[in-house]
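2 protein chains.
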Amino acid sequence: MIRLLVTSPLSADFALPLDDGQSRYLTQVMRKGVGDEVLVFNGVDGEWQCVIEQVGKRFVILRTQAQTRPQTPKPNLILLIALIKRGRLETVVEKASELGAAEVWPVVTERASVERAREDRLRLIANEAAEQTGRVDTPAIRPTAKLDRVLADWDRTWPQGRKLLFCDEAGDAGMAADVLATQVPGPWAILVGPEGGFSPGERARLRALPFSVPVTLGPRILRADTAAISAMTLWQAALGDWLPVA
Amino acid sequence: MIRLLVTSPLSADFALPLDDGQSRYLTQVMRKGVGDEVLVFNGVDGEWQCVIEQVGKRFVILRTQAQTRPQTPKPNLILLIALIKRGRLETVVEKASELGAAEVWPVVTERASVERAREDRLRLIANEAAEQTGRVDTPAIRPTAKLDRVLADWDRTWPQGRKLLFCDEAGDAGMAADVLATQVPGPWAILVGPEGGFSPGERARLRALPFSVPVTLGPRILRADTAAISAMTLWQAALGDWLPVA
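Protein sequence lines, in the order shown, are assigned to chains X and H. Under my numbering, the first residue of the first sequence is numbered 5, with each subsequent residue one higher. Under my numbering, the first residue of the second sequence is numbered 5, with each subsequent residue one higher.
One chain only, chain X, in its complex shape (with noise of 0.2 Å):
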């Protein structure tokens, strides 16, 4: 079943406009015509099955029925990434969308091998894949940010509080899953570093802060798209939703 990320409020009978890009891919890419279904979601209202009501050349108004699935919290968790090439970045902004992360932030570290992100671009690729894995949000994407600058000002962005999973990957802090057994749910970050990992400044600064907690992911080296699909499904499985079915 096709899903859509929609920007509309959503309630029972309501007349919804899509966009250009979004009706062609129906249309032209999914031939779906009048009559037919489609999921939709807007990160506030849960998922709704519509139909389609009308198709004209270049729009499609469907029309929502019944709520499928309420509106669930999304895991408190943030994925601090440092810059790393595109192609890698864009891999673990999808990655992040289909493991649940609540916000992606890209952080400039000192040995970042990258100048910037394409937060636009990133944002097109968390929300196909929200639209595909299934949630009823979507990762917000932030805009890029200095590392000392985040960490500087960590207390004013969450006042109440936020531990931060710093995977460190000079190996002598505990292995990931034991050091996350040991913790409790709530506010997350996880910290992963570029190719060249953190600066010997950084990496003291890191390790010294008092919501700091740093791990170790395993006996090898990962590359930094690796360490981040790894470190956020550790955290899921301890600390998010990946609990026991019930």
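These aren't lab readings, by the way, just hints derived from the structure by calculation. Think of the CB as a built atom: it goes at the ideal place given N, C-alpha and C, for glycine as much as any other residue. Hints are all accurate, no fakes.
Computed, partial: chain H to chain X, Cβ under 7 Å:
1. K99
2. T137
3. R139
4. A181
5. R224
6. L226
7. T230
8. I233
9. S234
10. D245
11. W246
Distance windows between CB atoms, simulated:
12. H:E123 <-> X:G39: 43 to 49 Å
13. H:D24 <-> X:F215: 49 to 55 Å
14. X:R115 <-> H:Q53: 24 to 30 Å
15. X:Q58 <-> H:T186: 50 to 56 Å
16. H:P191 <-> X:S203: 38 to 44 Å
17. H:D176 <-> X:F63: 39 to 45 Å
18. H:R120 <-> X:K150: 42 to 48 Å
Computed list of lysine to aspartate or glutamate pairs in EDC-like fashion (alpha-carbon distance at most 20 Å, straight line):
19. H:K89 <-> X:E94
20. H:K89 <-> X:E132
21. H:K150 <-> H:E114
Position chain H relative to chain X; hints supplied.
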């Protein structure tokens, strides 16, 4: 430090001619010359530090100095991955190498969207990832086989027994981390299906096999590459070599 996977035996004070591709990589891409140091491994004799002894027009000769790491056993883990689109299959092989799998075996399932895998290309990717990830071996890439046949031949292929972590996207199995916590280390395989999932017949058969352990990977639909990386991560954390640092 540059690491190269070589095919020669390795012992102390051994002259080691590199092949054409590795010679060019060392001298032309990495700009190394006589006297520079390189690490090599062959999957059998551990890792050795070498010095570049001679540089010719199309060849390089290294001389082994000291063993820097002993050969360690591979985690006894085989990844069975359904044929998926080339880019995603290559990602899975790269990540299997980083995450320590002993073998990757592409399998043909009923709903496979792709006809065949280029095993030669997958071998290159696995080897390159092994060089970068710091392991002293490389995952073998088995020739693509039909899933039906692999399952029928299971006990002949592994007479000592091998458990199968079946990543069952239907979602009514136990969560992977919880199920893995009840299992014991030993020979394992992980099976990840294609984007279209397993057929009902395949799924019924997989759930009925005595060596199969079905698991769920969270509440969202994961792409095949994500499922493979998440499952390998959780297996390593529960039963593999992501053990607490001594």
